[in-house]
Amino acid sequence: MTEPATDPTQEPPDGPLIVDARGERCPMPVIRLARLVRDLPPGEAPVTVRVLATDPAAASDVPAWCRMRGQRFVGAQAQADHTAYVVEVTPTPAAAGR
Amino acid sequence: MARDTLVAAVSAGWADPARLHAEGRTARALLDRSREVIASGLGVRPAEVSLLPSGPTALERALDGVRYAARRRGARTVASAVEHSAVLVPARARAARADDPRLLAEVPVDALGRVDLEAWESALAAPGTVVAALQSANGEVGTRQPLEEAHAVARAHGIPLVVDAMAGLGRDAVPEHFDVLVGDARSWGGPPLGVLVVREGVRWQWSGARADVEYGRTDVSPWVPLALAAAEAWQQARATTVEDEALTRSLVGAVREAAAGVPDTVVVGDPDDRLPHVVTFSSLYVDGEALVGALDQHGYAVASGSACTSSTLEPSHVLAAMGVLTHGNVRVTLPLPAVSPSVEADVADLCAVLAPTVARVRSELGVGDL
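Chains as they are written, first to last, in my numbering: chain C, -10 to 87; chain G, 84 to 453.
Here chain C stands alone, though its shape is the one from the complex (with noise of 0.2 angstroms):
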């Protein structure tokens, strides 16, 4: 589950999109995903997200976003101040609002 920790900001440009949510407590974790989500150009194609966030909540509520939302939870990596929640999203006008 662990990976080495690196600066999540530094990820490739073809990398990840990240939701950088450290020191906010829920529920914006979770709303700056669906913000996200939502303004994503629309594709078939799923795209990763990565949220990392502090809040002790987003440990049960991104997964059950995902769930409502009918998206894909990876998993969940363990960094050295943050956890990292990564997300398959795909931006199709149905999962991306209404």
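Treat the hints with care, since some could be wrong.
Said to hold, decoys possible - Now the stretches of chain C that chain G is said to cover, found in silico as 3 or more residues with beta-carbon under 8 angstroms:
1. 10 to 20
2. 23 to 31
3. 44 to 56
As the list claims (entries may be wrong) - In silico negatives: residues of chain G with every beta carbon more than 12 angstroms from chain C:
4. V90
5. A95
6. W97
7. A98
8. R102
9. P136
10. Y151
11. R180
12. A181
13. P184
14. D199
15. E259
16. P274
17. R321
18. T324
Note that these hints are calculated values from the structure, not bench results. These figures come from a predicted structure and were not determined experimentally. Even glycine gets a Cβ: it sits at the ideal position worked out from N, Cα and C.
Given the coordinates of chain C, work out where chain G should sit on it, guided by the hints.
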């Protein structure tokens, strides 16, 4: 109901039941009578019943007594992950002090909050296990636990089962499958008073016992008026339980239906095998604090398991263990109809305001379009 009873009880039973003067003997007789009423309601003998200052105190004591009596065989506790904090917090602290995480096994639950019986069995089979704790039903989400099966497994391993019935006594069937039982008179409309039942033959001992107080299970004699008020409330609640259960069950069904109709909202807990009077749901993108405040403005006193409403900023351990949405959480506990005669009309109003209230909170938070 509880207030009038308590006022009358203070007049009748104010004296110290340990004294031999006339008032003291009257108080002793009232305490004995109260204990008999509670014991008979629970289907146990009066000497198996001790009255403690609060339900959580009684619950912590219940486990301490089993562990102390078994201290030569081990010290390991098995409890479901959704037990009351009075079970989990001291047990975690004990494991941390001993630097031995095996001293507590928290058995996982499914998405409805029901304990995983296979995991329960393998946790009880681990060496050094001396006590098991399982609630009759969860007070936050209402789901009942499989007590009969869990007790059979504990018995097969020779481990006493402590059942926490604080959420359901007076509102739901009295548990039959336990070795030690804990209740709180508040659940049946009485004052705060812990009830600790240790079945005859169960190896139980409290290290701080003074033999003359409550059969050696506490060092504080109960205040007789509280015991009397608790017993009186039990008799009143029992007289209405059957009708009460049918009515509250249908009202909770109405709230569940109304909540399920709110967009992006999950209703939590078992829809059928549950306490009759508790309903919990979570709405995406809102904080529980805002939702509780908005419903309070409508005159509804509801609770929340969301992190933002707790002093520790941790979400409810029950919702987290179930893996359900913890934010935007609201818990509605319906009062006894005898206490609140307008409950039917109130619930109908609550159902009508739920969706507009959630929508208003969402638009205030700028998340209405997500």
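Taking the hints in turn, this is what the structure says about them:
1. Counting residues of the stretch 10 to 20 of chain C whose C-beta sits closer than 8 angstroms to any C-beta of chain G gives 5, which meets the bar of three, so the coverage hint holds.
2. Counting residues of the stretch 23 to 31 of chain C whose beta-carbon sits less than 8 angstroms from any beta-carbon of chain G gives 3, enough to reach three: the coverage restraint holds.
3. Coverage of the stretch 44 to 56 of chain C by chain G holds [criterion: at least 3 residues with CB-CB distance below 8 angstroms; count 9].
4. Even its closest Cβ contact with chain C, about 44 angstroms, leaves G:V90 beyond 12 angstroms, as expected for a residue assigned away from the interface.
5. Interface exclusion of G:A95 from chain C stands, the closest Cβ pair being 49 angstroms apart, more than 12 angstroms.
6. For G:W97, the requirement that its beta carbon stay farther than 12 angstroms from each beta carbon of chain C is met, with the minimum near 48 angstroms.
7. A cut-off of 12 angstroms between C-beta atoms confirms that G:A98 is not in contact with chain C; the least separation is 50 angstroms.
8. For G:R102, the non-interface assignment is confirmed: its Cβ lies about 52 angstroms from the closest Cβ of chain C, beyond the 12 angstroms cut-off.
9. Distance to chain C confirms G:P136 as a non-interface residue, since its nearest Cβ pair spans about 32 angstroms, more than 12 angstroms.
10. Distance to chain C confirms G:Y151 as a non-interface residue, since its nearest Cβ pair spans about 33 angstroms, more than 12 angstroms.
11. Residue placement check: G:R180 keeps its beta carbon more than 12 angstroms from all beta carbons of chain C (closest about 23 angstroms).
12. Here G:A181 stays apart from chain C, with its beta-carbon at least about 25 angstroms from theirs, past the 12 angstroms limit.
13. With a minimum CB-CB distance of about 17 angstroms to chain C, G:P184 clears the 12 angstroms threshold, and the non-interface call stands.
14. The beta carbon of G:D199 sits about 18 angstroms from the closest Cβ of chain C, which is more than 12 angstroms, so the claim that it is off the interface holds.
15. Once the 12 angstroms rule is applied to beta carbons, G:E259 is consistent with being away from chain C; the minimum gap is 34 angstroms.
16. The beta carbon of G:P274 is kept farther than 12 angstroms from every beta carbon of chain C, the shortest such distance being approximately 34 angstroms.
17. At roughly 38 angstroms from the closest C-beta of chain C, the C-beta of G:R321 stays outside 12 angstroms, upholding its exclusion from the interface.
18. With a cut of 12 angstroms on Cβ distances, G:T324 stays outside the contact zone with chain C, its closest approach being about 35 angstroms.
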